[in-house]
Amino acid sequence: MSVMQGSLFNHPPSRVGGERVEHADHPDPNLWIFGFWIFLASDLVLFASLFATYAVLHTHIANGPSARQIFDVTGFTAETLFLLTSSFTCGLATWSMRRGQQGWLKAWLVVTLIFGLLFIGFEVDEFATNSMKGYGMSTSAFLSAFYTLVGTHGCHVSLGICWMVAILIQVFRLGITEVTARKVFVVSLYWHFLDVVWVFIFTVVYLTGVMG
Amino acid sequence: MPDDTLNVSHFLVTGDPLIYGADVSIVVVSIAIVAVLTYYRKWGWLWREWLTTVDHKKIGIMYMIAALLMLFRGGVDALLMRTQLAFPNMRFLKAEHYNQIFTTHGTIMILFMAMPFIFAMMNIAIPLMIGARDVAFPYLNAISFWMFFFGAMLFNLSFVIGGSPDAGWTSYPPLAESEFNLGPGENYYLLALQISGIGSIATGINFFVTILKMRAPGMTLMRMPLFCWAVLATSVLIIFAFPVLTVALALLLIDRIAGAHFFTMLGGGNPMMYINMFWIWGHPEVYIVVLPAFGIFSEVVATFSGKRIFGYASMVASLMAIAVISYFTWLHHFFTMGAGPGVNSFFALSTMIIAIPTGVKIFNWLATMYNGRVRVTVPMKWALGFIPNFAVGGATGVMLSVAPADYQYHNSYFLIAHFHQTLIGGVVFGMLAGMYYWWPKMFGFLLEERYANWGFWWFNIGFYVCFIPQYLLGFMGMTRRIYTYPTGMGWSTLNLISTIGAFMMGLGFLFIAAGIVYSIFYGERDTTGDPWNGRTLEWSLPSPAPHYNFARIPVVTSRDAWWTMKEERKQGVLPPGRDELRPIHMPKNSGRPFILSLSFFVAGFGLVFHWYILTVIGFAAVAACLLLRSFDYDTDSYIPVDEIKKTEASYGRS
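Protein chains in written order, with the working numbering: chain A, 1 to 212; chain B, 213 to 866.
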């Protein structure tokens, strides 16, 4: 596992005659990681557009309920705690990986997945409760924007769970190799990104909603 | 509910001879393709060499073929419209049919012609220009292509199954909402654009990383060919603009399918939100397609003037300035929304400002030609034709940017003439210049000049005959998207002239196509790999380039690297001692990108008709493809040194 220690993510570029050589004989894992950062930038614009839509429409409640009427403080606080904690445990997973501790890596990934599932469970419950009361997507522009913004984030998290499970299986099978390490790192970037987006949802949607 | 083609109860579109004609030709062409492939036993070849390829050069060629086919279909749409408008009170097309045709014309030309054409040129040239063996993510590149391809297929299918979209290429709500537009056409539009849009974002990311991370040693950013800078700027624009379109289309689709109220008139919806988001993508989009054209002109003008480009640094600065400012001009598409003088002034000013870097570029191209030994080859003709064309298009753009005056021009034929002048004069001219320029690199033979010249002159003169009258018609009050007009408006002569011009352009296209067919059989072989006496690295390779591109990665010491190498050789400076050949790492071909995109197509087709079972099957297949890829560790291989030696020797190189 000495391959892993510090060499994966801070690859010093090889140099020939004082010039950087980007063409390694084997594919450079940093390329994937850099590419994924760019994807996240793109995904951020997607969320920004949804936030803008929510900002424009959140007062357009038509004949439906207002934000204050449907937001459940306990529910969204729990969701927030679950997701923030899962981001922390995901960080612990990559930290263990860098130290070559395979067991801890697997354990922290499992913990992360459990918190992710709890988050999704609470969110589904919140959506279901509101729908039962008749407050659906087609009730008002506010609810269309709310379900779409929060639901898009929820879809991202669900996808992240499936993805993380797939990578966890690969870690179980192959241990920490250059390839699985890259994959764990990339999925953790994705997970932290979703956490950052949730912080904005928490403040822009829920906090301003219950205060306004 | 109109009684014919919009009728949702009919799965196959009926009642129009043009559509029956299309049905017949689709069936005939499909049978012909299947027959030819079977007769010559080419199915395996098609699958191994093309459908599963991850080679950027082949993907580029497929993009180009698709773009030319779509140019044909979009062009036929244009000719149908011009025929309908040739005389007052024409009864050639019905109003509903006319609506569908202007919608598909616009959508196809922007998203399924211009986009794949720029992707074609990027794929073919960028890795060769920067001294790389492929793009950063070859497998993703294949996914991009097939997503585009199946998106385009889904869109074109609407013509014969279910009915075409008819709310304009911008698809503004509330007209595009199910309240006013029940048919599946709008669903086709939304899903086809969504599917191909995923491919576009992936391409943007891919080329951004490729250009920043895959350059040959010594090729600093400021030593890159200008086409690379142009594509870098375009990639940045794609990465930050396309997600906004994704959201706009997704929300409209949610409105239509789930009954949400984003853009509806009832329930608190706000249609202007869509229009803002559409153009936050839409304005950068016009620069996404035109910046690569600028890049091609820079390469072509420098090569055929025998000089390095004039004002390289200012060219780079203008590209970047355009990329940034293009995000701050979107509202000029709807000054008439009534956002107030403050907002309109801001967007009027930003629109005027963006003309400045564009002007800088025009002067730099002129200065490059000044005192150069200009060779007026076919690509150079398109570049020369572009300059006056774009100057007029740019000037009328500045006229449109004057917000108070725009209330007069808005949605008139003046606008139509303006944006065709920039998009055809800029993008189509640029892509055709690139096609003629890089054709020998793609296929190993040159395109014959006589046909190409006829094509150029018919298309170029036809362009002015077609669009200059439309400026005047705009002043005279003719608005866009009207399907007929009465006599006595004073529009008849100009419309007839415009139609004649459109057919001249059509003839030009036929000459270009005929020239390609002729050259396949009789074109001059390019045995040197450097038919134009080029300046950049792609011309250092044999034509067509071997699939690993560079047997040895070149070391770059200056701008116009290949030119420098040739000069040094002439002066007897020996190239530095060369490294031994080493095995080359290459990605393996894969059929999964094709199947993945096909699955998206199936899912999309299901959503168009609300057949959710099909949608679920499609998405399940997508998930399966993604998972299979994740568990696939056998994704690449090495080319042994012997094979490289053999390939290089077959080109007469060592």
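Warning: the hint list may mix true and false statements.
Distance condition first, Cα-Cα at most 20 Å in a straight line; then the derived EDC-like pairs of lysine to aspartate or glutamate [as the list claims (entries may be wrong)]:
{"#": "1", "chain 1": "B", "residue 1": "LYS800", "chain 2": "B", "residue 2": "ASP846"}
{"#": "2", "chain 1": "B", "residue 1": "LYS800", "chain 2": "A", "residue 2": "ASP28"}
{"#": "3", "chain 1": "B", "residue 1": "LYS425", "chain 2": "A", "residue 2": "ASP28"}
{"#": "4", "chain 1": "B", "residue 1": "LYS269", "chain 2": "B", "residue 2": "ASP742"}
Keep in mind the hints are simulated off the structure, nothing from the lab.
Now for the hints, and whether the structure bears them out:
1. For the hint linking B/LYS800 to B/ASP846, the alpha-carbon distance of about 8 Å falls within 20 Å, and the restraint holds.
2. Of the supplied pair hints, the one linking B/LYS800 and A/ASP28 holds, its CA atoms being roughly 17 Å apart against a limit of 20 Å.
3. Distance restraint check for B/LYS425 and A/ASP28: the Cα-Cα separation of roughly 10 Å lies within the 20 Å cut-off, and the hinted pair is therefore satisfied.
4. Only pairs whose Cα atoms come within 20 Å are accepted, and B/LYS269 paired with B/ASP742 is accepted, the gap being roughly 17 Å.
Checked against the numbered hints given earlier, the structure satisfies every one of them.
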